[in-house]
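Asker: Below, each chain spelled out in residue letters.
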Amino acid sequence: MSAFIFTVVLGIIVLYLGFSKNKSILSPISAGGLVVSLVLSLKDWGHQSKYFHDMILIDNFSIAFNVSMIIITILIFLFALDYYETMENHVAELYALMIFGLTGTFLMTSFSNLIMLFLGIEILSIPLYILAGGKKYSYRSNEASFKYFIMGSFATAIFLFGIALVYGASATFYLPEIKTFIAQFNGHLPPMLLVGLLFIVIGVAFKIAAAPFHFWSPDVYEGAPTLVTAFMATVVKTAGFAAFYRLLGIGLLPLPVQIEKALWVMTFLTLLIGNLGALRQSNFKRLLAYSAIAHSGFLMLAVLSQHESSASVLLYYTFVYSLATIPLFIIFILAKRASDGLEEILIFRGLYKEKSWIAIFAIINLMSLAGIPPTSGFMAKYQVLFLAINKGILLTSIFAIVMAIIGVYYYFFVIREIFTERGQTTTKMEVTKLNAALIIICSIGVLATGIFMWQIPI
Amino acid sequence: MVFLFYLLSAVMVISGLFVVFSRSPINSVLSLIVCFIAMAGHYILLNSQFLAVVHLIVYTGAIMVLFLFVIMLLNLNRATIPQKTSMTRVAAVVAGGLFFLVMVAATRLTFEIHPRYPFSSKIGLVSEVGKALFHEFLLPFEVSSVLFISAMIGAMIFGKKDKESLPQPPPKEGA
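Order-wise, the sequence lines are chains A and B.
Each residue of the first sequence is one higher than the one before, counting from 3 in our numbering.
Each residue of the second sequence is one higher than the one before, counting from 4 in our numbering.
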């Protein structure tokens with residue numbers, strides 16, 4: 003709880019720092035403040051505590067996810083120092099919005115009341131709508147922001163309607179009470195409760211971009227400023243899955259049959275659409291958007307396995323996925339600058355010739371996303387499939403493996419571009435020391451977690 | 004009481020039909036305001052004064068006035084409904100009919116709803132709402148301030164005119 007309060011205060015402090023004309027202090031102060039909230043979060047490790055009439059429940063699960071998201075946000079903030087260098091206006095506000103979004107994710111990982119889940123999702127979403135439109139004079143950015151806002155509000159409305167229906171049936175917002183209420187029906191749920199639960203699941207599925215609620219994600223990922231795209235692909239996805247697991251874990255497990263069926267269909271579609279959609283992309287950000295959808299499919303498989311270690315697998319998967327995604331976005335920005343603002347995959351052409359060390363780190367991260375050993379992406383996928391097969395979910399597991407193999411193709415499409423010779427000479431790629439350090443740290447993290455640390459105990 | 008209920012319901016239904024059928028957007032919005040006021044009357048009949056007042060202030064006061072402003076500023080008062088092809092008409096009828104069917108089926112199933120707790124006539128009183136808000140729901144009430152501050156920052160970012168980078172006017176057609 004102290005970490006939550008501190009982070010909110012940090013956001014307000016950063017907002018006030020906007021009055022000073024010195025932009026370069028924003029990133030160190032935000033990152034340093036987040037280190038403090040990291041320490042404050044870790045102090046509660048091992049204690050299970052409830053706050054404010056059981057509105058939130060802070061346990062090891064929520065602390066582990068919070069710490070993972072804080073680490074990722076710190077990495078993004080360090081990248082932001084370079085990214086926002088040329089931007090003149092509203093830089094402090096953008097930092098503050100990201101910090102406020104982070105506080106929303108804290109609520110999403112630690113709620114035990116549907117009201118808090120709703121508030122968490124909204125506190126995360128509203129800053130994201132604004133951040134997606136951060137480039138005020140770019141039509142693409144405006145389009146992304148508007149699309150995300152309209153579709154996100156629609157999903158929120160459905161979600162809220164679901165909460166209202168569940169409250170109407172069970173007369174409570176408190177998840178353990180809803181669970182006991184559901185248990186008394188022995189699988190024959192009243193329609194009102196069932197529709198309510200389905201609507202709640204739809205609302206959360208929108209946030210994690212699970213098919214068939216994924217349509218916003220490629221457009222928004224493409225139009226939003228790259229830093230915000232990185233934030234969406236990593237922190238928001240982690241938070242969404244933490245909320246999803248917590249909702250099912252403390253609220254609904256064992257799942258009502260109808261909801262489970264719906265979720266299986268969603269998993270199947272997400273794996274299919276994510277991987278097949280990515281095959282046809284030539285824009286790198288869209289490619290990563292579809293790759294994010296495909297990874298959502300694997301994560302949903304982990305959630306649906308309904309095992310005690312599902313939470314730890316989810317944490318491992320989201321963390322290493324985020325760790326591999328951030329350096330790719332950094333490298334993408336560097337390549338984009340070197341090729342006059344193009345966003346195609348072609349901009350990676352000749353990267354190996356020009357800066358071979360960056361090319362090698364890019365390949366490591368792409369391999370991790372594709373799931374090739376010895377990177378951690380392989381271990382993450384292996385654990386998900388291990389969990390699913392252990393539970394006797396054979397067909398979907400085989401389907402997921404086939405889809406993962408298809409996935410290798412489009413990641414290697416990028417790798418092929420890296421090794422292809424580039425005809426004409428272009429402008430030199432410039433790498434600041436901080437960006438180089440970030441790329442190296444993340445990539446070594448990806449390798450180290452893949453080789454030495456195969457799971458994160460919660 | 005029963006007479007009032009039927010009166011308010013009739014007003015709501017008629018004004019609701021006006022919202023859908025009137026050609027001019029201004030008339031639509033005005034009928035919607037009437038509909039909302041009648042709904043506030045329903046809330047008072049159910050003894051929830053707080054909800055009624057909030058409904059009047061937020062919906063009829065703020066949101067509908069905003070609607071009116073938008074319509075007047077965009078000069079939408081002319082009935083400019085684009086011509087629809089027969090294909091879209093058929094599609095709309097089929098989609099609407101299917102939705103209606105699903106809704107009827109759903110209501111048939113859920114027709115009997117047994118309340119879990121007996122109705123308490125005190126539940127909507129201002130003091131009761133205040134007690135719930137500042138006791139059990141204190142945290143959501145306070146945390147929503149983070150939500151509002153982000154929304155305000157967003158309004159400021161989008162609304163403020165920047166000095167250095169003025170927007171490029173879109174290229175005029177035919178120029």
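Hints are supplied without guarantee of correctness; some may be wrong.
[To be verified] Which stretches of chain B does chain A cover? Using the computed rule of at least three CB atoms under 8 Å from a CB of chain A, they are:
1) 87-95
2) 131-143
[Said to hold, decoys possible] Straight-line distance between alpha carbons at most 35 Å, and here's what the computed DSBU-like set of lysine-lysine pairs gives:
3) Lys137/A with Lys134/B
4) Lys45/A with Lys134/B
5) Lys87/B with Lys181/A
6) Lys430/A with Lys137/A
7) Lys338/A with Lys87/B
8) Lys164/B with Lys138/A
9) Lys25/A with Lys134/B
10) Lys149/A with Lys134/B
11) Lys125/B with Lys149/A
12) Lys138/A with Lys163/B
13) Lys149/A with Lys87/B
14) Lys87/B with Lys52/A
15) Lys25/A with Lys138/A
16) Lys164/B with Lys23/A
17) Lys430/A with Lys23/A
18) Lys125/B with Lys23/A
19) Lys52/A with Lys163/B
20) Lys134/B with Lys338/A
21) Lys181/A with Lys163/B
Don't read these hints as lab results, they were simulated from the structure.
Just so it is clear, CB atoms sit at the ideal spot from N, CA and C, and this is done for glycine as well.
Asker: Hints first: check each against the structure and report whether it holds.
Answerer: Hints and how they fare:
1. Only when three residues or more bring their CB closer than 8 Å to a CB of chain A does the claim for the stretch 87-95 of chain B stand; here the count is 0, and the claim is violated.
2. Here the stretch 131-143 of chain B counts 6 residues with a CB under 8 Å from a CB of chain A, which clears the bar of 3, and the coverage holds.
3. For the suggested pair Lys137/A and Lys134/B, the alpha carbons sit about 44 Å apart, so the restraint of at most 35 Å is broken.
4. Annotation: proposed proximity of Lys45/A to Lys134/B holds, straight-line Cα distance about 33 Å (limit 35 Å).
5. Taking the CA atoms of Lys87/B and Lys181/A, the gap is near 49 Å; set against the 35 Å cutoff, the hint is violated.
6. Simply put, Lys430/A and Lys137/A have alpha-carbon atoms about 25 Å apart, close enough for the 35 Å limit, and the pair holds.
7. Between Lys338/A and Lys87/B, the direct Cα distance comes to roughly 44 Å. Violation of the 35 Å bound is thereby established for this hinted pair.
8. Of the supplied pair hints, the one linking Lys164/B and Lys138/A holds, its CA atoms being roughly 10 Å apart against a limit of 35 Å.
9. Using a Cα cut-off of 35 Å, the hinted pair Lys25/A and Lys134/B is violated, with the two alpha carbons roughly 45 Å apart.
10. Restraint check for Lys149/A and Lys134/B: not satisfied, since their Cα atoms lie roughly 39 Å apart, outside the 35 Å limit.
11. Between Lys125/B and Lys149/A, the direct Cα distance comes to roughly 43 Å. Violation of the 35 Å bound is thereby established for this hinted pair.
12. Restraint check for Lys138/A and Lys163/B: the C-alpha separation of about 10 Å stays at or below 35 Å, so the hint holds.
13. For the hint linking Lys149/A to Lys87/B, the alpha-carbon distance of about 25 Å falls within 35 Å, and the restraint holds.
14. Distance check on the hinted pair: Lys87/B and Lys52/A sit about 57 Å apart at the alpha-carbon level, beyond 35 Å; violated.
15. Among the hinted pairs, Lys25/A with Lys138/A is consistent with the structure: their alpha-carbon atoms are about 19 Å apart, no more than 35 Å.
16. This hinted pair checks out: Lys164/B and Lys23/A have alpha carbons roughly 18 Å apart, not beyond 35 Å.
17. Proposed proximity of Lys430/A and Lys23/A is supported: the alpha carbons are some 31 Å apart, at most 35 Å.
18. In summary, the hint linking Lys125/B to Lys23/A is not supported, as the alpha carbons are separated by about 55 Å, beyond the 35 Å threshold.
19. For the suggested pair Lys52/A and Lys163/B, the alpha carbons sit about 42 Å apart, so the restraint of at most 35 Å is broken.
20. Between Lys134/B and Lys338/A the CA atoms are separated by roughly 56 Å; this puts the pair beyond 35 Å, and the hint is violated.
21. This hinted pair does not check out: Lys181/A and Lys163/B have alpha carbons roughly 48 Å apart, beyond 35 Å.
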